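Participant: With the hints as constraints, model all of the structure from the sequences given.
Numbering of the sequence shown is given in numbering that gives the first Met the number 0, commencing with residue 0 and proceeding in unit increments.
By construction, these hints were calculated from the structure, which means they are not laboratory data. Quantities reported herein were computed from a predicted structural model and do not represent experimental measurements. Glycine residues also receive a C-beta, built at the ideal position from the N, C-alpha and C atoms. Take the hints with a grain of salt, since some may be wrong.
Unchecked claim - With a straight-line cut-off of 25 Å between C-alpha atoms, the simulated BS3-like cross-links for lysine-lysine are:
no., residue 1, residue 2
1, K202, K220
2, K184, K214
3, K191, K161
Stated by the list, open to error - Derived DEER-like restraints, expressed as beta-carbon distance ranges:
no., residue 1, residue 2, range
4, K214, D186, 41 to 47 Å
5, T78, V201, 33 to 39 Å
6, K214, S152, 22 to 28 Å
7, D95, Q149, 16 to 22 Å
8, L206, E120, 28 to 34 Å
9, K220, I1, 33 to 39 Å
10, K184, K154, 29 to 35 Å
11, I60, K184, 47 to 53 Å
12, A188, L59, 38 to 44 Å
13, E135, G67, 46 to 52 Å
14, F174, E135, 49 to 55 Å
15, P166, S141, 44 to 50 Å
16, L175, K102, 57 to 63 Å
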Amino acid sequence: MILSYIRTIALYLVLIFSVRLMGKRQVGEMEPAEFVVTMLIANLAAIPMQDGAIPLYSGLIPILTVLGAELTLSGIVFTSVRFRRFLCGKPVILIDNGVLDVKSLRRTRVTLDELSRQLREKDILSFTAVQYAILETDGQVSVFPYPKDQPASAKDAGIRVKPQALPITIIEDGFLSKENLHRAKKDEAWLKAQLEAHHAQVKDTLLLTLETGEKVLWLGKEGKA
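Facilitator: Below you can see the structure in the form of structure tokens.
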């Protein structure tokens, strides 16, 4: 029984390592080849997990082989446009300058109902408001409304907006990131002052971020106001 636990944990860690090497895409954003590799690796790992009589390396070797092939193909995809199109396909225009391309819809097997749903998800109710719609290689549809149907931006409205930047997380769930503290151009004395202002310590802090304009956000853990 203990051996089964060890085998399962080992395969689990290998799967996590493999997926991390493949990138950080969500399942819905994967290219067809990436999805196939993910499913194949999962099935290869399931066999030695379920059958203790199968040696562990019988599952690890195929997984690492498939992973190596995927990384090799990924490298070729970056350098060869033809191979990239063969393996991943290429975007297809479904609506071209306001005209619905029926041939492209049939070729890609995208129904009008599916295209309408994709438009509704982007808050567009009518085909007439769309200038271009492109089916991407991951199956998502990029939609570009006519300029007159696009929401006005601050620039269009003549509104001056303040510059913005990503907030820097200095403490998260009681963990201090010294790297982010340095990135925020702050020191230990500044951090100590912020914590003292809330009568807290690092371990009591759920979240401490530095936002645009030197604005500090502090949230305490449960039971710490």
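Participant: All the hints need checking, so say for each whether the structure fits it.
Facilitator: These are the hints, each one checked on the structure:
1. K202 / K220: OK: K202 and K220 at ~9 Å, within 25 Å.
2. K184 / K214: Satisfied, since the Cα-Cα distance of roughly 14 Å is no more than 25 Å.
3. K191 / K161: Since the Cα atoms of K191 and K161 sit roughly 29 Å apart, the hinted pair is violated (cutoff 25 Å).
4. K214 / D186: 41 to 47 Å: 18 Å, violated
5. T78 / V201: 33 to 39 Å: Since T78 and V201 have Cβ atoms about 46 Å apart, the given range 33 to 39 Å is violated.
6. K214 / S152: 22 to 28 Å: The hinted range 22 to 28 Å holds for K214 and S152, with Cβ atoms some 24 Å apart.
7. D95 / Q149: 16 to 22 Å: Holds - the Cβ-Cβ distance for D95 and Q149, about 18 Å, lies within 16 to 22 Å.
8. L206 / E120: 28 to 34 Å: 31 Å, holds
9. K220 / I1: 33 to 39 Å: 36 Å, holds
10. K184 / K154: 29 to 35 Å: 30 Å, holds
11. I60 / K184: 47 to 53 Å: 49 Å, holds
12. A188 / L59: 38 to 44 Å: 50 Å, violated
13. E135 / G67: 46 to 52 Å: 27 Å, violated
14. F174 / E135: 49 to 55 Å: 37 Å, violated
15. P166 / S141: 44 to 50 Å: Roughly 29 Å apart at Cβ, these two residues miss the hinted range, so it is violated.
16. L175 / K102: 57 to 63 Å: 59 Å, holds
Hint violations for this structure: numbers 3, 4, 5, 12, 13, 14, 15, all remaining hints satisfied.
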